[in-house]
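Colleague: As a plain string of letters, each chain reads:
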Amino acid sequence: MKTEIPGKPSFAYINVDLEPGESIVAESDAMTSMAADLDMKASFNGGFFGGLAKKFLGGESLFVNTYTNNTSEPKRVTLVQATPGDVVEIDLNDQNYCLQPGAYIASTPGLKLGVKWAGFASWIGKEGLFKLQVKGTGKLFYGAYGGLLEKEVDGEFIVDTSHLVAYEPQLKLKTQLAGGIFSSFFSGEGLVTRIEGKGKIIIQTRSLSGLAEWTNHYI
Amino acid sequence: MDVKILHGPGNSAARVWVNPGECLTAEGGAMISMSGDMNIQTTTLKRGKGGFLKAVKRMLAGENFFLNHYTPGPAGGEVLLATTLPGDMMTYDLDNESLIVQGGSFVACEEQVDVDLSWQGFKSFLADDSMFWINLKGTGKTVINSFGAIYPVEVDGEYIVDTGHIVAFNETLQFSLTKAGGSWATAIFGGEGLVCKFQGTGTVWCQSHNSNNFGSTLGPMLRARQG
Amino acid sequence: MTMVEEDKYEFQYSIDCKPDFAFLSVAIPESQTLKVEASAMATMDTTLKMKTRMKGGFGRFLTGESLFINEFTAEYGPGQIQIAPGSPGDMDHVYLEGQTIFLQNSAYVASTLGVEIETKWQGFMKGFFSGESLFLIRCSGNGDLWFNTYGAMIKIDVDGEYIVDTGHIVAFTEGLDYSVSSVGGYKSLFLSGEGLVCRFRGTGTVWVQTRQVAAFTSWVWPFRPVESSD
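Protein chains in written order, with my numbering: chain D, 1 to 219; chain R, 220 to 446; chain X, 447 to 676.
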């Protein structure tokens, strides 16, 4: 499999060149263009974990598509997320990784997706009740609205909840108020996520809720 | 006429230098800035059979199809053009040919290029009223934008493109709407629905992103409107 | 007419992900304070403490005209803060040394305490932009000022005369003469799609953005939820 991600960071999209026999799984509606002789099959996400729970609580769609190359030559499929922004490819080697729901775009069939309870505060912060947990061996493609930056946390760090995309599973996350009660609500910051431990997190440099708030100011 | 595309693929703008004697035709509402002595004239373009009222309705829906014609002063002049949505821009030099362009993707062209709204190629297939297609005919420079990055696909045989991702294509290509995947179930549940299969030889310019998908993702988070 | 310094700064900073999703990181020295646009904080070190200052009071809820600014102080030690505006686009920094810059209110991102920000000032031109939620603020004094653009940023050095659609104006230096008008008669105003334009005369710098809010809000209109009338 050969992959490349052009268009970074504002309109990143994924070109996947599948060798004969290879497959890639992608969230539904991610395909922009593909070779006419690739096979596409839709399947219910419930094969992973409670597809229905994921849709209403996790922000992912009910279905995924699997693209398989049953020809004798390499063929291309181009995949993308619904929002503009950056996309990252990571290789997992029998590891776990945690993602914001909605960040998932595609993965190789060896990775399993599950949901993890994220706590009530996450729901109040409009981020949804669940986080996506990815485990196994394979390639994962995820993205977000905005640019993506990596940060090494060592100790403690505060992230606005709508700017956190992914994090290594050993990090501890807690939700807290941004300031005192008055400050938190009138500052516009509200609830934030406090990260403790040692590991890498990925933040997005814009957020859909930030964009919505900015837009609402003008409509 | 000289066109330079700035800040692609995220927030493109076109910097056009218009020589004296030349005239630039551009979509209404696209101007960012211009030289002090540039002259503008406005014309309206009828869309198919719709009259003025339909035109206004389209304008309210965010689709300007009023055209502005920019003529510079005696020393020539500059016009900076932008678009409704963020994305990429490209220039294409027509050489006595036809380029079919998604309506929302037209930005500007040299005055002698014919901007024709009556192309009906997709009519029998797509009942989608919000999408319309422009036929740019003749010879001259054109400027086209997209939502997302533009990538060309050289078709020599067959290639499938999700209809929401088509920016422009050579009229020489054949196309048909087809269901993605083998079965209707896949088409409906897989979210891809109908896709466009291009056949023959020619280029399709695709956009990486789909503005309807972005709109549906952002929309629910916005303040409600009255009807 | 003095040009603003390009390379000087008070607080160390960096801007990543230019030009589409520009993201500002500022290092606040111990016990110093940074003013930041409300709800723009993306990440911060735990040594920083936030205080809310609602400039203009509750005005925002009533007229839509106000500028909300929070203050972050490095109370427990130096700390870094990362700032993300709501709209996608670019960011620029100017270091003011007694100069004045006029800025579109929604473009304000952050500033150090030495920069004075006035929302109502002498010569305040109501109706500079079409619509009420956009207005010009006046920034003057000594210190850092960061502002963002909706879309990519184009810096234009004006020497003579230049016309800019007001929806695309982000900032301009004091000393330029400006006058707002419609592009050419009523027909043009409605049919050409061009709204108000500003004619700049003299010598100075104008920052222009490649996107326009009005175009975005009309595009997004059909995707908004509909209010149920029962």
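Just so you know, the hints here were simulated from the structure itself, not pulled from any lab data.
Each residue gets a CB set at the ideal place from its N, CA and C atoms; glycine is no exception.
Wrong hints could be hidden among the right ones.
Said to hold, decoys possible - With a straight-line Cα cutoff of 25 Å, these simulated SDA-like cross-link-like pairs (lysine to any residue) come out:
id: 1; chain 1: R; residue 1: 223; chain 2: R; residue 2: 294
id: 2; chain 1: D; residue 1: 139; chain 2: D; residue 2: 63
id: 3; chain 1: D; residue 1: 200; chain 2: X; residue 2: 471
id: 4; chain 1: D; residue 1: 2; chain 2: R; residue 2: 294
id: 5; chain 1: D; residue 1: 41; chain 2: D; residue 2: 111
id: 6; chain 1: D; residue 1: 8; chain 2: R; residue 2: 398
id: 7; chain 1: X; residue 1: 464; chain 2: D; residue 2: 152
id: 8; chain 1: D; residue 1: 198; chain 2: D; residue 2: 173
id: 9; chain 1: D; residue 1: 135; chain 2: D; residue 2: 19
id: 10; chain 1: R; residue 1: 223; chain 2: X; residue 2: 523
id: 11; chain 1: D; residue 1: 174; chain 2: X; residue 2: 523
id: 12; chain 1: R; residue 1: 416; chain 2: D; residue 2: 21
id: 13; chain 1: X; residue 1: 495; chain 2: D; residue 2: 150
id: 14; chain 1: D; residue 1: 151; chain 2: X; residue 2: 457
id: 15; chain 1: R; residue 1: 223; chain 2: X; residue 2: 497
id: 16; chain 1: X; residue 1: 464; chain 2: R; residue 2: 294
id: 17; chain 1: D; residue 1: 174; chain 2: X; residue 2: 497
id: 18; chain 1: R; residue 1: 398; chain 2: D; residue 2: 66
id: 19; chain 1: R; residue 1: 416; chain 2: D; residue 2: 74
id: 20; chain 1: X; residue 1: 495; chain 2: D; residue 2: 19
id: 21; chain 1: R; residue 1: 398; chain 2: D; residue 2: 17
id: 22; chain 1: D; residue 1: 198; chain 2: X; residue 2: 491
Claimed, not checked - Simulated restraints on C-beta separations:
id: 23; chain 1: D; residue 1: 4; chain 2: R; residue 2: 260; range: 53 to 63 Å
id: 24; chain 1: D; residue 1: 94; chain 2: X; residue 2: 476; range: 38 to 48 Å
id: 25; chain 1: D; residue 1: 74; chain 2: X; residue 2: 521; range: 25 to 35 Å
id: 26; chain 1: R; residue 1: 397; chain 2: D; residue 2: 74; range: 43 to 53 Å
id: 27; chain 1: D; residue 1: 137; chain 2: X; residue 2: 473; range: 38 to 48 Å
id: 28; chain 1: X; residue 1: 627; chain 2: R; residue 2: 242; range: 52 to 62 Å
id: 29; chain 1: R; residue 1: 397; chain 2: D; residue 2: 17; range: 40 to 50 Å
id: 30; chain 1: X; residue 1: 477; chain 2: D; residue 2: 96; range: 56 to 66 Å
id: 31; chain 1: D; residue 1: 6; chain 2: X; residue 2: 471; range: 20 to 30 Å
id: 32; chain 1: R; residue 1: 376; chain 2: D; residue 2: 196; range: 48 to 58 Å
As the list claims (entries may be wrong) - Part of the chain R face toward chain X, derived, beta carbon under 7 Å:
id: 33; residue: 230
id: 34; residue: 239
id: 35; residue: 398
id: 36; residue: 440
Colleague: Each hint: holds or not?
Modeller: We went through each hint and held it up to the structure:
1. A hinted pair counts as satisfied when its Cα atoms are at most 25 Å apart, and residue 223 of chain R with residue 294 of chain R qualifies at roughly 19 Å.
2. Under the criterion of a C-alpha separation no larger than 25 Å, the hint pairing residue 139 of chain D with residue 63 of chain D is consistent with the structure, at around 19 Å.
3. The suggested pairing of residue 200 of chain D with residue 471 of chain X holds, with an alpha-carbon distance near 18 Å, which does not exceed 25 Å.
4. A C-alpha spacing of about 52 Å is found between residue 2 of chain D and residue 294 of chain R, which places the hinted pair above 25 Å, so the restraint is violated.
5. Pair hint residue 41 of chain D plus residue 111 of chain D holds up; C-alpha atoms about 18 Å apart against a cutoff of 25 Å.
6. This hinted pair does not check out: residue 8 of chain D and residue 398 of chain R have alpha carbons roughly 30 Å apart, beyond 25 Å.
7. A threshold of 25 Å between alpha carbons decides the hint, and for residue 464 of chain X with residue 152 of chain D the separation of about 21 Å falls inside it, so the pair holds.
8. Distance check on the hinted pair: residue 198 of chain D and residue 173 of chain D sit about 12 Å apart at the alpha-carbon level, within 25 Å; holds.
9. A threshold of 25 Å between alpha carbons decides the hint, and for residue 135 of chain D with residue 19 of chain D the separation of about 24 Å falls inside it, so the pair holds.
10. For the hint linking residue 223 of chain R to residue 523 of chain X, the alpha-carbon distance of about 48 Å lies beyond 25 Å, and the restraint is violated.
11. Note on residue 174 of chain D and residue 523 of chain X: the hinted pairing holds, with a Cα-Cα distance of about 22 Å set against a maximum of 25 Å.
12. With a C-alpha separation of about 23 Å, the suggested pair residue 416 of chain R and residue 21 of chain D falls inside the 25 Å cut-off, and the hint holds.
13. Note on residue 495 of chain X and residue 150 of chain D: the hinted pairing holds, with a Cα-Cα distance of about 24 Å set against a maximum of 25 Å.
14. At most 25 Å may separate the alpha-carbon atoms for a hinted pair to count; residue 151 of chain D and residue 457 of chain X meet this at roughly 21 Å.
15. Using a Cα cut-off of 25 Å, the hinted pair residue 223 of chain R and residue 497 of chain X is violated, with the two alpha carbons roughly 46 Å apart.
16. The suggested pairing of residue 464 of chain X with residue 294 of chain R is violated, with an alpha-carbon distance near 35 Å, which exceeds 25 Å.
17. Distance hint between residue 174 of chain D and residue 497 of chain X is fulfilled; the C-alpha atoms sit about 21 Å from each other, no more than 25 Å.
18. For the hint pairing residue 398 of chain R with residue 66 of chain D, the CA-to-CA distance comes to about 15 Å; that is within 25 Å, so the pair holds.
19. The hinted pair formed by residue 416 of chain R and residue 74 of chain D meets the criterion: a straight-line CA distance of about 19 Å does not exceed 25 Å.
20. Between the alpha carbons of residue 495 of chain X and residue 19 of chain D the distance comes to roughly 54 Å, so the proposed pair goes past 25 Å and is violated.
21. Taking the CA atoms of residue 398 of chain R and residue 17 of chain D, the gap is near 22 Å; set against the 25 Å cutoff, the hint holds.
22. Using a Cα cut-off of 25 Å, the hinted pair residue 198 of chain D and residue 491 of chain X holds, with the two alpha carbons roughly 15 Å apart.
23. At about 45 Å, the beta-carbon gap between residue 4 of chain D and residue 260 of chain R misses the expected band of 53 to 63 Å.
24. Range check, residue 94 of chain D to residue 476 of chain X: Cβ separation about 44 Å, and the 38 to 48 Å hint holds.
25. Restraint check, residue 74 of chain D to residue 521 of chain X: a C-beta distance of roughly 58 Å breaks the suggested window 25 to 35 Å.
26. Between residue 397 of chain R and residue 74 of chain D the CB atoms are about 23 Å apart, so this pair departs from the stated range of 43 to 53 Å.
27. Between residue 137 of chain D and residue 473 of chain X the Cβ separation comes to about 40 Å, which falls inside the hinted range of 38 to 48 Å.
28. A beta carbon spacing of about 23 Å between residue 627 of chain X and residue 242 of chain R contradicts the range 52 to 62 Å that was offered as a hint.
29. At roughly 23 Å, the beta carbons of residue 397 of chain R and residue 17 of chain D sit outside the given window of 40 to 50 Å.
30. Evaluation of the 56 to 66 Å hint for residue 477 of chain X and residue 96 of chain D yields a failure: the beta carbon distance comes to about 41 Å.
31. Judged by the Cβ atoms, the range 20 to 30 Å given for residue 6 of chain D and residue 471 of chain X holds: they are separated by roughly 27 Å.
32. In this structure, residue 376 of chain R and residue 196 of chain D meet the distance hint of 48 to 58 Å, their C-beta atoms being roughly 56 Å apart.
33. For residue 230 of chain R, the shortest C-beta to C-beta distance to chain X is roughly 4 Å, which falls under 7 Å, so the interface hint holds.
34. Interface hint status for residue 239 of chain R: violated, as the beta-carbon distance to the closest one in chain X is roughly 18 Å, over 7 Å.
35. Given the 7 Å rule on beta carbons, the hint for residue 398 of chain R is violated: about 26 Å separates it from the nearest Cβ of chain X.
36. At about 9 Å, the closest approach between the beta carbon of residue 440 of chain R and any beta carbon in chain X exceeds 7 Å, and the interface hint on this residue is violated.
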